Amino acid sequence: MINFLLFVLTILATLTNIWFSGVLSPAMVIRICLGGSMVVLQIWSFSRPISNETFRTKLLLEVITHRPSIAGKEWKTITYNMNQYLFKAGLWKTPYHFFCEHQCYEFFKDLIKGKYPDVQWDTANTQPFISVPENQAATQNSDVEPTVKWCLFKAAEIQAHAVREYWQSQYPDVGIPAI
24 MINFLLFVLT ILATLTNIWF SGVLSPAMVI RICLGGSMVV LQIWSFSRPI SNETFRTKLL
84 LEVITHRPSI AGKEWKTITY NMNQYLFKAG LWKTPYHFFC EHQCYEFFKD LIKGKYPDVQ
144 WDTANTQPFI SVPENQAATQ NSDVEPTVKW CLFKAAEIQA HAVREYWQSQ YPDVGIPAI
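So the mapping is simple: my numbering equals the position in the sequence shown, first residue as 1, plus 23.
Bear in mind the hints are in silico, worked out from the structure with no lab data behind them. None of the values given here were measured: they were computed from a predicted structure. Even glycine gets a Cβ: it sits at the ideal position worked out from N, Cα and C. Among the clues, some could well be false.
Unchecked claim - Simulated restraints on C-beta separations:
1. P195 with K132: 21 to 31 Å
2. E129 with G58: 29 to 39 Å
3. Y194 with T33: 51 to 61 Å
4. L57 with I87: 38 to 48 Å
With the sequences and hints as input, model every part of the structure.
If you want it as C-alpha cells, here you go:
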C-alpha cells in the first residue's frame, strides 16, 4: 500500500510540473490522478490471491469428483465450476475467466504441494500409500480441519494416479507399473 501511495504522489508531482508549464489544467491533473489510482486499485484487487478456505475445499472436491487426468478436458469442467463459484460467492466481479484450465491446474498443484505429504507408490503392489514424516503431520496439518485433511489426501492421491497414468501412456515401453 505504501508503494501505491508513493506511486500516486510521484505521478501527482510529475503532473503538477506539467500543469505549471501550462500544458494541463488543474481539472485534467485531478482526473488523471483519480483515473490512474482507480486503475492501479483494480489491478491490485484482481492480483490478490483467493484466500477463501471454502474455495480451496470446493476445488479439492471438484478434483475428487471429476478425477481429471493431467491434460484432460475434465479441467475445463472444474475450471468452469470454480469460476462460477467465485462469481456467486462475490470473490470475482464477473462469471468469466478468472482461471483458465491451466491456471486452475497449477493452483491445484500448488494447493496440494507442501500442504500434505506427497502420495507415493509402493512399487511391489503399485498401491498408493502416504509417507508422513513424524514431525510433518503434527506441524503442517494441525490447523486444518479433518474434512479438509481428507480432501487434501484424496486429491493428492488422485493427482499421483493421474501423473502415473500420463507417463505410462507417454512411455509404454519403459515398464512403469500399471496402477
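The hints, checked one at a time:
In this structure the hint that P195 and K132 lie 21 to 31 Å apart at CB holds, the actual value being about 25 Å. The supplied range of 29 to 39 Å is met by E129 and G58, whose beta-carbon atoms lie about 33 Å from each other. Restraint check, Y194 to T33: a C-beta distance of roughly 55 Å satisfies the suggested window 51 to 61 Å. In this structure the supplied range 38 to 48 Å holds for L57 paired with I87, their Cβ-Cβ distance being about 47 Å.
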